[in-house]
Amino acid sequence: MAASKCNVTRLTEALSRQLLDSVDSVLFDCDGVIWRGDQAIPGASEVINSLKKNGKRVFFVTNNSTKTRQMYADKLGKLGFDASADEVFGTAYCSAVYLKNVCKLDGKVYLIGSNAMRQELEDVGIRPVGVGPDPISGGQKDWANVPLDNEVRAVLVGFDEHFSYMKLNRALQYLCNPDCQFVGTNTDTRLPLEGGKAVPGTGCLLKAVETAAQRQAQVVGKPSSFMFECVASQFGLDPERCLMVGDRLDTDIMLGSNCGLKTLLTLTGVSTVAEAEANQKSECPQRQKMVPDYYIESIADILPALQA
Amino acid sequence: MAGAAARGTGCVTLRGAQIRDLLDAKHNVLFDCDGVIWNGETAVTGAPEVVSLLKQRGKRVFFVTNNCTRPRENYVQKFSRLGFTDVAEEEIFSSAYCSAAYLRDVARLQGKVYVIGCGGVMKELRDAGVPVAEEEDAEPGASIYNCPLDPDVKAVLVGYDENFTFMKLAKACCYLRSPECLFLATDPDPWHPLRGGRVTPGSGSLTAALETASSRKATVIGKPSRFMFECISSQFGLDPARSLMIGDRLETDVLFGSNCGLTTVLTLTGVSTLEEALAYRDGQEPQQKDCVPDYVMESVADFLQALEE
Numbered sequence: 376m377a378a379s380k381c382n383v384t385r386l387t388e389a390l391s392r393q394l395l396d397s398v399d400s401v402l403f404d405c406d407g408v409i410w411r412g413d414q415a416i417p418g419a420s421e422v423i424n425s426l427k428k429n430g431k432r433v434f435f436v437t438n439n440s441t442k443t444r445q446m447y448a449d450k451l452g453k454l455g456f457d458a459s460a461d462e463v464f465g466t467a468y469c470s471a472v473y474l475k476n477v478c479k480l481d482g483k484v485y486l487i488g489s490n491a492m493r494q495e496l497e498d499v500g501i502r503p504v505g506v507g508p509d510p511i512s513g514g515q516k517d518w519a520n521v522p523l524d525n526e527v528r529a530v531l532v533g534f535d536e537h538f539s540y541m542k543l544n545r546a547l548q549y550l551c552n553p554d555c556q557f558v559g560t561n562t563d564t565r566l567p568l569e570g571g572k573a574v575p576g577t578g579c580l581l582k583a584v585e586t587a588a589q590r591q592a593q594v595v596g597k598p599s600s601f602m603f604e605c606v607a608s609q610f611g612l613d614p615e616r617c618l619m620v621g622d623r624l625d626t627d628i629m630l631g632s633n634c635g636l637k638t639l640l641t642l643t644g645v646s647t648v649a650e651a652e653a654n655q656k657s658e659c660p661q662r663q664k665m666v667p668d669y670y671i672e673s674i675a676d677i678l679p680a681l682q683a
Numbered sequence: 464m465a466g467a468a469a470r471g472t473g474c475v476t477l478r479g480a481q482i483r484d485l486l487d488a489k490h491n492v493l494f495d496c497d498g499v500i501w502n503g504e505t506a507v508t509g510a511p512e513v514v515s516l517l518k519q520r521g522k523r524v525f526f527v528t529n530n531c532t533r534p535r536e537n538y539v540q541k542f543s544r545l546g547f548t549d550v551a552e553e554e555i556f557s558s559a560y561c562s563a564a565y566l567r568d569v570a571r572l573q574g575k576v577y578v579i580g581c582g583g584v585m586k587e588l589r590d591a592g593v594p595v596a597e598e599e600d601a602e603p604g605a606s607i608y609n610c611p612l613d614p615d616v617k618a619v620l621v622g623y624d625e626n627f628t629f630m631k632l633a634k635a636c637c638y639l640r641s642p643e644c645l646f647l648a649t650d651p652d653p654w655h656p657l658r659g660g661r662v663t664p665g666s667g668s669l670t671a672a673l674e675t676a677s678s679r680k681a682t683v684i685g686k687p688s689r690f691m692f693e694c695i696s697s698q699f700g701l702d703p704a705r706s707l708m709i710g711d712r713l714e715t716d717v718l719f720g721s722n723c724g725l726t727t728v729l730t731l732t733g734v735s736t737l738e739e740a741l742a743y744r745d746g747q748e749p750q751q752k753d754c755v756p757d758y759v760m761e762s763v764a765d766f767l768q769a770l771e772e
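Sequence order for the protein chains is A and B. The first sequence runs 376 to 683 under this note's numbering. The second sequence runs 464 to 772 under this note's numbering.
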């Protein structure tokens, strides 16, 4: 659909109605789409709730690994969204599913990540080791000889504010064994926070581990299609009847393209229309995948079409 | 001599008279340290004698190491401890020393440098008179979400740091938001070998994290970048055509030698193997050719045959 346009198409009210009629499920990214930090985007909760009243299924698909599904459900509830935990697909949950079902992990995982990630792993029956602060002690000889847990069969890297040289070192020691699996939650370079701030994202930590180990991680988060497959396999979704709504061309829209979904870019977050148009004009097939079918200023602008 | 691989040659095993001829043609000999003249706290057998004899034969000897963990005076002590006599501080060029020299002489830094690094780097910066931003340890109220910044910081230097934390990454990233803030890395080594075949994360892995966070590329001081050679040359006036680089790591030492127009020798007492060198030589990628050493020897001790005559 995207390739035949000269400009990226703005989603008008008429086109909104048409688009909504053509899909049964809508997948929303969170940061920059339905909320910014602790603040809901004005009108976002009305849109989500209205979609559900109109018989659409709604899912939340986020690369953020710092919360469990339940924690997201709590946040959604507090901000006025009608949502339940099983509609949320964050990378803490999806990484646990990935390790269990795709890696077929039988053993422990060395985890560089949050308590939320630890929780999601334990909930699928995987035992993580390593969460929490891990300061350096001893000398270089000691680091190379850190006692390794011989039940560890994988290293998983997610957002970790306690990231340290010692954790990087432990991960490296495990990854020296080529049979040890290597998974990352996502490659986003920034983690958005409350109040519009941002800190270095998981992508930075993952890059450090990949560089030291000279190995590439298997990445679970968008734009990897696993995130969609996770939702689709649990809810029986038909990609052609799904709409992906996001604010990032390189994660959300790319995921949509990879999985054959319809895509809508909202301008309340990271990417711009100019970037989308530049991608469209480029000859590069990868960039062509980062062109949304439609764009909209904010998802609140869908409301008139829903209420008509 | 340099760029031998462009002719499809390289990786020539040095023997007998060839070694003597090579040494006759060269006035300056640059040695990497780890894996070449020592491994950990043990000198490579014959290495102290080789260095001594080279100097007796009138050669100038320099030590060029990416290891940024010690200041030069510590290196002098290590040389002495391991049986190398008469190695002077001026002959030792570490990435820590050269990073400080770069900030002082090339960048002519007006302001402070925020350092992710260890004691060795801090000492070299202090000795060079480059002001370092103080690290406040437990600022009340400071967290990764709200860290105090020093307005005088005009450069960020990242190197091996066993005390690396997310906080340091976040702070450095904040400083690098200003395009005028310089971004330097001591060296690109992703990992370092330790005894018993183990490894430890290197400066390169920390630099990669910061490059990803800031969407900026660091200026790398250490090998294979040319700067360390230029640093030596500015003090001693080296003619590349009469200089020999001896190292154990293809992607670091040999590439450095190629980049600077030096003849390169790979010794097999460290990281890289003959198989890896041959793979670079016989491979398809043009940029791999610069990692092909002109010559290969088992160990620097092989020079003894030529030097003891």
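It cannot be assumed that every hint is accurate.
Here are some of the chain B residues that sit facing chain A, going by a computed Cβ distance under 7 Å [stated by the list, open to error]:
1. CYS637
2. PRO664
3. THR675
4. GLY724
Here are the simulated SDA-like pairs of lysine to any residue, each with C-alpha atoms no more than 20 Å apart in a straight line [unchecked claim]:
5. A:LYS572 with A:HIS537
6. A:LYS427 with A:LEU454
7. A:LYS572 with B:SER606
8. A:LYS572 with B:CYS474
9. A:LYS572 with B:PRO611
10. A:LYS516 with B:SER606
11. A:LYS572 with B:PRO642
12. A:LYS572 with B:LYS518
13. A:LYS516 with B:TYR608
14. A:LYS572 with B:LEU612
15. B:LYS752 with B:CYS474
16. A:LYS516 with B:CYS474
17. A:LYS483 with A:PRO508
18. A:LYS572 with B:GLU748
19. A:LYS427 with A:LYS453
20. A:LYS572 with B:SER678
21. A:LYS483 with A:ALA415
22. A:LYS483 with A:LYS516
23. B:LYS518 with B:GLY503
24. A:LYS475 with A:VAL506
Read the hints as simulated data drawn from the structure, not as lab findings. Yeah, the Cβ is synthetic: ideal placement off N, Cα and C, and Gly gets one too.
Straight-line alpha-carbon gap LYS572 of chain A to PRO611 of chain B, limit 20 Å: Since the Cα atoms of LYS572 of chain A and PRO611 of chain B sit roughly 14 Å apart, the hinted pair holds (cutoff 20 Å).
Restraint check for LYS483 of chain A with LYS516 of chain A, where alpha carbons must lie at most 20 Å apart: Roughly 25 Å between the alpha carbons, so the hint for LYS483 of chain A and LYS516 of chain A is violated.
Given hint GLY724 of chain B near chain A, where the shortest CB pair must fall under 7 Å: violated (29 Å)
Restraint status (C-alpha distance of LYS572 of chain A to LEU612 of chain B at most 20 Å): holds (15 Å)
Hint consistency between LYS572 of chain A and HIS537 of chain A [alpha-carbon to alpha-carbon, up to 20 Å]: holds (19 Å)
20 Å limit on alpha-carbon distance, applied to hinted pair LYS516 of chain A and CYS474 of chain B: Between LYS516 of chain A and CYS474 of chain B the Cα gap is close to 33 Å, so the pair fails against 20 Å, i.e. violated.
Holds or violated: LYS516 of chain A to TYR608 of chain B, with C-alpha atoms at most 20 Å apart: violated (34 Å)
Minimum beta-carbon distance criterion (7 Å), CYS637 of chain B to chain A: Check failed: Cβ of CYS637 of chain B comes no nearer than 9 Å to chain A, outside 7 Å.
LYS572 of chain A paired with SER678 of chain B [C-alpha distance capped at 20 Å]: Holds, at about 17 Å.
Proposed proximity, ALA415 of chain A with LYS483 of chain A (alpha carbon, max 20 Å): violated (38 Å)
Agreement of LYS752 of chain B and CYS474 of chain B with the hint, judged by alpha carbon distance not exceeding 20 Å: holds (11 Å)
Satisfaction of hint between PRO642 of chain B and LYS572 of chain A, Cα-Cα up to 20 Å: Since the Cα atoms of LYS572 of chain A and PRO642 of chain B sit roughly 19 Å apart, the hinted pair holds (cutoff 20 Å).
In summary, the numbered hints that this structure violates are 1, 4, 8, 10, 12, 13, 16, 18, 21, 22 and 23.
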